[in-house]
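2 protein chains.
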Amino acid sequence: MEPSYLGLHVLLELYGCPEDRLRLPDDSERILLVAAAAMGATVIEARFHAFSPHGVSGVVVIAESHLTVHTWPEHGYAAVDVFSCGDLDLSAGLEVLEQEYGASRVYAERVLRGKGLGG
Amino acid sequence: MEPSYLGLHVLLELYGCPEDRLRLPDDSERILLVAAAAMGATVIEARFHAFSPHGVSGVVVIAESHLTVHTWPEHGYAAVDVFSCGDLDLSAGLEVLEQEYGASRVYAERVLRGKGLGG
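Chains as they are written, first to last, in my numbering: chain A, 1 to 119; chain B, 1 to 119.
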């Protein structure tokens, strides 16, 4: 039996993404907002920045916690986090993220936050 | 030998925190900004919200990636993430977070992001 917990946190490693999809804050903002919508999340705000020396850093605060992304265009790689403490359709959101970033290799680590609490 | 990677992500589980330290967005904003300063991070922006039904949801975007927090005052628990892709003093930041939230039990999980890249 899975222990009780407060939040489900998915650490998504997206490798082999086309470089041009990782360069612009607007593209990542669109992708994360589509993912949030697919999950059924309530978006509070979205903040995206050009990242130094290149790539994107972004966060979508949702009523149910957050999504974040950091991209390294030069490596074709994006690190995406989906942290949820609500009853969301996470798999729908993860599918959007994989497809929209065009990843050829995907690793997802699922971490329970606040283990032993809630339930 | 540790593999090459792009980012170091610490998932911090803070249990047994005094409830009154977890209730207000302003308190968490102050704590995360002090932690970011202790790490030597360059703060881009900080966004903190009251969380439903109570508690706080917040993010500090730094030039070197991000810090996030979600608090559950009713459980005396805070989930803090410190994601860094720069040369920061993470341990100084983590010490601030543990002390300022007054956690009695702390678990930290260290995850390498973008393994096999960079280095």
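Since the hints were made in silico from the structure, they are not lab data. None of these values were measured; they are calculated from a predicted model. Please note that the accuracy of each hint is not assured.
What the hints assert, rightly or not - To spell it out: a stretch of chain A is covered by chain B in this simulated footprint if at least three of its residues, at any positions, have a beta carbon under 8 Å from a beta carbon of chain B; those stretches are: (1) 4-14; (2) 25-35; (3) 55-61; (4) 64-72; (5) 91-99; (6) 102-116.
What the hints assert, rightly or not - Here are some chain A residues the structure puts well away from chain B; computed CB gaps all over 12 Å: (7) Asp20; (8) Ala38; (9) Gly40.
Beta carbons are placed, not taken as given, at the ideal position from N, Cα and C, and that holds for glycine.
Structure-based check of all given hints:
no., hint, verdict
1, 4-14, "holds (count 5)"
2, 25-35, "violated (count 0)"
3, 55-61, "holds (count 3)"
4, 64-72, "holds (count 5)"
5, 91-99, "violated (count 0)"
6, 102-116, "holds (count 5)"
7, Asp20, "18 Å, holds"
8, Ala38, "20 Å, holds"
9, Gly40, "15 Å, holds"
When held up to the earlier numbered hints, the structure conflicts with 2, 5 and fits the remainder.
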